[in-house]
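Visitor: Chain residues, written in single-letter form:
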Amino acid sequence: MPLQDLTPELRTRLSRVERVVGVFVLLATLLLLTGFVYYVRHTAEAKGWFTPKATYYTYLHNANGLKAGDHVKLMGFDVGEITRVTAMPPFEQFDVYIEFQIKSPYYGYLWSDSKAKVAAADFLGGRYLEVTKGITGRPTVREEKNTMFLLADAEKDLYEPVAKRKHYGLEAVESPAVTDQLQAMVVKVEAAMPGILGITNRINAILDATTTAVTSATAAITNLDATVLSARPVFTNLAAITSQLRDPRGSLGEWIIPTNINRQVQTALISANQTIVTVNTNMVEIAAVLKRTLEDSAQITSNLNAQVQANSLILSEISALVIHADELTQGLKRNWLLKSSFTGITNAPVKSIVAPSIGGGK
Amino acid sequence: MKENRKQRSEVRDRKTTIIPLSMVLLILSACSSAPPPPIVPVAVAQADYAAEVAQKLSANENWTAAAREWQNATDRYRLLNDRANEAISLHNLAQAQRALGNLDRARSLLEQAAALNQQLSRSDEAWRNQIALLQLESQAKQSAALDARFARLITSPPSDSQPQLQGLFFNELGLWQQSRADLAKADDSFRRAEQAMAKAGDRRGSAAVLANRARLDEAQSKLTDALEKWGRARIAFEKLADPPGIAACLAGEGRVLLASNRDLSAAETLLRRASENLRTLKMDNDRVAALRLLVECLIAQNKTAEAAETQKALDALLASGTPARN
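Residue numbers (the working numbering), protein chains in the order written: chain V, 1 to 362; chain U, 1 to 326.
Among these hints, one or two may not hold up.
[Said to hold, decoys possible] Here are the computed distance ranges between Cβ atoms for each label pair:
| id | chain 1 | residue 1 | chain 2 | residue 2 | range |
| --- | --- | --- | --- | --- | --- |
| 1 | V | Gln-307 | U | Tyr-49 | 53 to 61 Å |
| 2 | V | Ala-306 | U | Lys-56 | 40 to 48 Å |
| 3 | U | Tyr-49 | V | Asp-113 | 53 to 61 Å |
| 4 | V | Ile-353 | U | Tyr-49 | 12 to 20 Å |
| 5 | U | Arg-105 | V | Ala-306 | 33 to 41 Å |
[As the list claims (entries may be wrong)] Simulated pairs of lysine-lysine, DSBU-like, Cα-Cα distance not exceeding 35 Å:
| id | chain 1 | residue 1 | chain 2 | residue 2 |
| --- | --- | --- | --- | --- |
| 6 | U | Lys-56 | V | Lys-339 |
| 7 | U | Lys-239 | U | Lys-141 |
| 8 | V | Lys-351 | U | Lys-199 |
| 9 | U | Lys-185 | V | Lys-351 |
| 10 | V | Lys-188 | V | Lys-164 |
| 11 | V | Lys-351 | U | Lys-56 |
| 12 | U | Lys-185 | U | Lys-222 |
| 13 | V | Lys-133 | V | Lys-115 |
| 14 | V | Lys-351 | U | Lys-222 |
| 15 | U | Lys-141 | U | Lys-282 |
| 16 | U | Lys-141 | V | Lys-339 |
Honestly, the hints are just simulated from the structure, not real lab data. No residue lacks a Cβ here, since even glycine has one placed at the ideal position from N, Cα and C.
Start from the sequences, fold in the hints, and give me the full structure.
Guide: Spelled out as structure tokens, the structure:
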């Protein structure tokens, strides 16, 4: 119906309604635009669109577990991301080219002596790139009058603008994936097994030698016992001599020890000496073998320690993942739209238990 | 005509206002989420958790563990000065101790719980404590204490607004009156208990009262009524999946059939099944009674060899002297 056909009253009312609708549409548009701007801003902040970035590169032998878009870490923070992973031509010294960007202000920590470490991230072959803080070198980035300069020559302290020098190369420290390390460790352990078995065989032999030495020592002690028994008449004679010494009729001839006793004592002493020498030699050998065993054990534990150090981030990351997943679930449980999906059976309140008795059972 | 147009225009106006408004509300409500629930203090959460665990252990009849956990819950509620929950924990700890055979300890705990509930004017809970004390004294055959307690409680039984408590009380009262050979009063009490249980919608309670009425009918030599009631009670317990109730009803039906000397073969089957179930449930006192009846039933059928074998099993059970669970 044309507008002219309406009564003035209706026309006034209609124009009022149109105004209300117009205001509503305007408000809705404003709300939408505000939301969109907020979303864009939030995304930009999260992605670091407006944050200055410096580009770096490094060379690796293996790109296993790395891909464009992966985070780059520095001192445990996510400071940038890998932008390019590509293979080098066949006859180059290095095999893989990795390019990555570091956000402001973290590139300030990267000096000429910083390294790009590739560390094992998990047991499934994952790895991540980590850059280390510089200590003694020169800063790789210098900012002057809103212009970024990258280090061109550390010796001459020469910087060039980013327009000319696009990226800076960092030396790589590459560690293989955990699975590779474990495999290498298994190979090492396998190779070391004959040595360990040899050590145990030698310990066995030493224990046998020790048993023999102890047997010899026991025999020597038995001999000494016999000697002492044989020497008993000597003491008797000595007693007789001393008694004769008190006697003015003492004779010098009775002072002489009989030759057979002297020989027995000498034999016993030689045997004891030999035993002690054997025991001493064996003890030295045992000590040497034990020392070698301890050194091997120390090496094994240090390897294990290195393994644990390399994987120190796994537990914390798993823990963070669990916490975030829990937070997400709790948030979803409270959302007006989704909370009905989570209404589970709650536990009945605890109350005093009384069951009705059935007679006759008491 | 004009009026009509005006009305339609007003309706359209209203629509044009309501639709945008509802859209705005929808958009706004989309942004709303409930705030996170308030954080429960750790000590309260620990106490509640202990009580929940204890309740599950009691439901599974793991009485040793249940007693330990109820003690833990009691201690924790006491530390929080939460006397209401402390009284509940004490009551349930007493039930666990009763199941373990520590009747004196159970009685002392129930008295403590009752005193706390009286201080807090929690009449429902106080009544639960009193009913548990009645059951305990009945189990311990402390007739004097039981008489005194009934004399005190019977003057002001639970009100009609507490049908479940009323049902429990009249059930205990009926059993007490039956034990004193006051069968008419017992019948009346059981009827009142049955009505109260039905009002409260307590199907387990109703089944238990029905079983007690069947036993009362047996005592009054109304064997046909007793058999019918035992049958109904068994069906009710089967629906509730209550093994002790089912076993009691099987034994009851067998006993009535044997007493009425009809269908001895069915009586034998029922008594055998009851005896097996009672063995599984470790209810040795009831099993002794069931085996005695089975021996009688077998002799009545001239199955002397089987009767001798059953008698041997009965003698072995009596000689073992294992603590009864009943």
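Visitor: Evaluate each hint against the coordinates.
Guide: Checked hints:
1. The given range of 53 to 61 Å is broken by Gln-307 of chain V and Tyr-49 of chain U, whose C-beta atoms sit roughly 38 Å from each other.
2. Evaluation of the 40 to 48 Å hint for Ala-306 of chain V and Lys-56 of chain U yields a pass: the beta carbon distance comes to about 47 Å.
3. Between Tyr-49 of chain U and Asp-113 of chain V the CB atoms are about 55 Å apart, so this pair conforms to the stated range of 53 to 61 Å.
4. Judged by the Cβ atoms, the range 12 to 20 Å given for Ile-353 of chain V and Tyr-49 of chain U holds: they are separated by roughly 18 Å.
5. In this structure the supplied range 33 to 41 Å is violated for Arg-105 of chain U paired with Ala-306 of chain V, their Cβ-Cβ distance being about 59 Å.
6. Between Lys-56 of chain U and Lys-339 of chain V the alpha-carbon distance is near 28 Å, which keeps this suggested pair within the 35 Å criterion.
7. About 32 Å separates the Cα atoms of Lys-239 of chain U and Lys-141 of chain U, which keeps this hinted pair within 35 Å; it holds.
8. Straight-line distance between C-alpha atoms of Lys-351 of chain V and Lys-199 of chain U comes to about 20 Å, which keeps the hinted pair within the 35 Å bound.
9. Under the criterion of a C-alpha separation no larger than 35 Å, the hint pairing Lys-185 of chain U with Lys-351 of chain V is consistent with the structure, at around 31 Å.
10. Distance hint between Lys-188 of chain V and Lys-164 of chain V is unfulfilled; the C-alpha atoms sit about 49 Å from each other, more than 35 Å.
11. Of the supplied pair hints, the one linking Lys-351 of chain V and Lys-56 of chain U holds, its CA atoms being roughly 12 Å apart against a limit of 35 Å.
12. Between the alpha carbons of Lys-185 of chain U and Lys-222 of chain U the distance comes to roughly 16 Å, so the proposed pair stays at or under 35 Å and holds.
13. Taking the CA atoms of Lys-133 of chain V and Lys-115 of chain V, the gap is about 8 Å. The hint holds against a cut of 35 Å.
14. With a CA separation close to 39 Å, the supplied pair Lys-351 of chain V and Lys-222 of chain U exceeds the 35 Å bound.
15. Note on Lys-141 of chain U and Lys-282 of chain U: the hinted pairing holds, with a Cα-Cα distance of about 21 Å set against a maximum of 35 Å.
16. A threshold of 35 Å between alpha carbons decides the hint, and for Lys-141 of chain U with Lys-339 of chain V the separation of about 54 Å lies outside it, so the pair is violated.
Of the hints listed earlier, those the structure fails to meet are numbers 1, 5, 10, 14, 16, in rising order.
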